[in-house]
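2 protein chains.
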Amino acid sequence: MSRKIKAVQYGVGAMGRVMIEMMHDKGIEIVGGIGRPTSAIIGQDLGTLAGIGPLGVVVTGDAEKTLTETKPDIAVVCITTYLADLWPHVELCARLGVNVVTIAEECFYPWRTEPELSRRWDALCKQNHCSAYGIGYQDFYWGNQITQLAGTCHSITSVKGFAQFNVDDYGPEVARDHMVGLTADVFAVERKKKGNRPSYMQMVGDLIIDGLGLTFKSVTEDVYQTTASQEIFCKSLNVSLPKGIGTGNANRTHFETLEGIPVDIEMVSKVYEPGETDQNKWEIKGRPDVSVSNERPATDILTCTEVVSRIPDVISAPAGLLKAFEMPPIKYRRRFD
Amino acid sequence: MSRKIKAVQYGVGAMGRVMIEMMHDKGIEIVGGIGRPTSAIIGQDLGTLAGIGPLGVVVTGDAEKTLTETKPDIAVVCITTYLADLWPHVELCARLGVNVVTIAEECFYPWRTEPELSRRWDALCKQNHCSAYGIGYQDFYWGNQITQLAGTCHSITSVKGFAQFNVDDYGPEVARDHMVGLTADVFAVERKKKGNRPSYMQMVGDLIIDGLGLTFKSVTEDVYQTTASQEIFCKSLNVSLPKGIGTGNANRTHFETLEGIPVDIEMVSKVYEPGETDQNKWEIKGRPDVSVSNERPATDILTCTEVVSRIPDVISAPAGLLKAFEMPPIKYRRRFD
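The listed protein sequences correspond, in order, to chains Z and E. Counting in this note's numbering, the first sequence tops out at residue 337, every number present. Counting in this note's numbering, the second sequence tops out at residue 674, every number present.
So here's chain Z without its partners, still in its complex pose (with noise of 0.2 angstroms):
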């Protein structure tokens, strides 16, 4: 592009903050950000929040207003997890024509747990000439590193997964939502409490299976609690979780493909025992048998910068909702101006 990039940052919390600071370092001008109307962050400037010093830039609670004012090129949307509570956000820009990357973690691969949705969506998008693309850590980590590994073999016969993170470096509503701290009673009532939204894992799943041109058969999901091999401290939470006592969950997630093929993904998340650390570990057996695995990956930070870093490749893509498996590969540079 021979002009500087023009972003929104629709939703200012704590990862759209990082966003900003990141796309500003990369020579991308911040046009605008949007926030809850009834935020105490409204009208305050976007660099100022950023911890970047003043850009000129506010908050605003009026999204439409903002994004037709200032017509970027792109807007970072960083509000929810699950495509039906953040539809309306998705809708507006794929109305007005702005492309969007969002880091609500269904919008990986939405295709078969809101079908309906993610037709509308691409539709929309492909009708006003933007594109969309759920991503994060998932992009390179979980996606596109997989679907290449197996496109080095001759033939496969299965693909596991297993990745594990810290619970406890979230702050105190990422830990209570994964259920640090309760009895295995109070466990099993809570669970059943939170219902069955599909856990990241599907989207993952679902990813890899179309990208190596498998087709879904079926998907069963096994939550298990975590519990404490010895007395260790819950920073987020400021509490000690004694022996026997839940510190996280975990997830088993395995789909069935009409070709025969197994897909197996066990995410861990929970507080951490003395020298555990993150892990992203997937192997596929075939022809021949391949592995990767990424050491201590910094899975939040990873999320921002992989975002930031298609950008550009979102701008340029063809109109439509985007999977990761048809996007270029995810490449480096320094700056985009």
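If you are wondering where the hints come from, they were derived from the structure by calculation, not from laboratory data. We treat Cβ as the ideally placed atom computed from N, Cα and C, and that holds for glycine. Heads up, some of the hints might be wrong.
As the list claims (entries may be wrong) - Each pair of labels, with its calculated beta carbon distance range:
no., chain 1, residue 1, chain 2, residue 2, range
1, E, Thr405, Z, Arg119, 46 to 54 angstroms
2, Z, Glu259, E, Arg340, 19 to 27 angstroms
3, Z, Thr157, E, Pro655, 33 to 41 angstroms
4, Z, Thr38, E, Arg670, 48 to 56 angstroms
5, E, Asp514, Z, Ser291, 26 to 34 angstroms
6, Z, Lys126, E, Arg670, 24 to 32 angstroms
7, Z, Pro54, E, Pro655, 43 to 51 angstroms
As the list claims (entries may be wrong) - Which residues of chain E face chain Z? A partial, calculated answer using Cβ under 7 angstroms:
no., residue
8, Gln485
9, Ala487
10, Thr489
11, Cys490
12, Leu549
13, Ala635
14, Lys668
Chain Z is already provided as a structure; the job is to place chain E on it using the hints.
Quick look at chain E alone, frame taken from chain Z:
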């Protein structure tokens, strides 16, 4: 494509025969095979040589006639390592407008080490509307996996790679070529005799530097001997290697870039001691630090599978000499037809 891909196997040695078997299994039509005019395999059936039963196509010694008569979509060139030696063969293909994939290691990125031939090759391909791609295990494991890992970073300060393979897996020629079984004195003398052709890792470093948008400044290469810490057996040479004797060698390649970001690659190729395994580990320092590791990669098989996997991409690529990071993500396809 609406019809089968047609391929000529150019060079029907050990690797070429595996290519034939894999291409046939993917639904590629093998329309010709080219050997040295003096070779004993001239006139033999390609399928029989590849162990899959007769295909009704025999090895010829006349490359130009075979390529002209069979009009393949691609020639799979498995002859030698360095572009200068390979030139007559790839020049012929480019002149005839035949797409090429070659496992010649220098062709992964020949632009710095053979700039004049690279420019001529690229121009000839463009003139005749065909593509050429130097490829193998490098494509994903030393190329796209690393450039994309960097693409997940906001900024980077250094790149470091370590690869190790067992020279005892590739027969006596490779073991001797890696100077297995020599004393330190003889190793030093033999090293001098070999001269200074760049190691494979130079092309890997060049590709990464270009793919990251950096600028090559200088490269130094340091070769040292690896020695047995205990008596071990070398099966390819059928000898015992006493403690202290050479088991192979290691290359340390150090690149400087104008941007001040160093790239360091170490490759160990030796007869393994008990417990040692193939390795591929890369670390990029930056924001954040990232890393990737492939456990026990089947380096030799993966060269064949990646070449075959890339055939449709090379056929549909723009004309010219291709770079790995400009290719689409390598994709798993059970068959091509």
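Status of the hints after comparison with the structure:
no., hint, result
1, E:Thr405 <-> Z:Arg119: 46 to 54 angstroms, "50 angstroms, holds"
2, Z:Glu259 <-> E:Arg340: 19 to 27 angstroms, "24 angstroms, holds"
3, Z:Thr157 <-> E:Pro655: 33 to 41 angstroms, "35 angstroms, holds"
4, Z:Thr38 <-> E:Arg670: 48 to 56 angstroms, "51 angstroms, holds"
5, E:Asp514 <-> Z:Ser291: 26 to 34 angstroms, "29 angstroms, holds"
6, Z:Lys126 <-> E:Arg670: 24 to 32 angstroms, "26 angstroms, holds"
7, Z:Pro54 <-> E:Pro655: 43 to 51 angstroms, "46 angstroms, holds"
8, Gln485, "5 angstroms, holds"
9, Ala487, "4 angstroms, holds"
10, Thr489, "5 angstroms, holds"
11, Cys490, "6 angstroms, holds"
12, Leu549, "5 angstroms, holds"
13, Ala635, "4 angstroms, holds"
14, Lys668, "5 angstroms, holds"
This entry satisfies every hint, going by the numbered hints stated previously.
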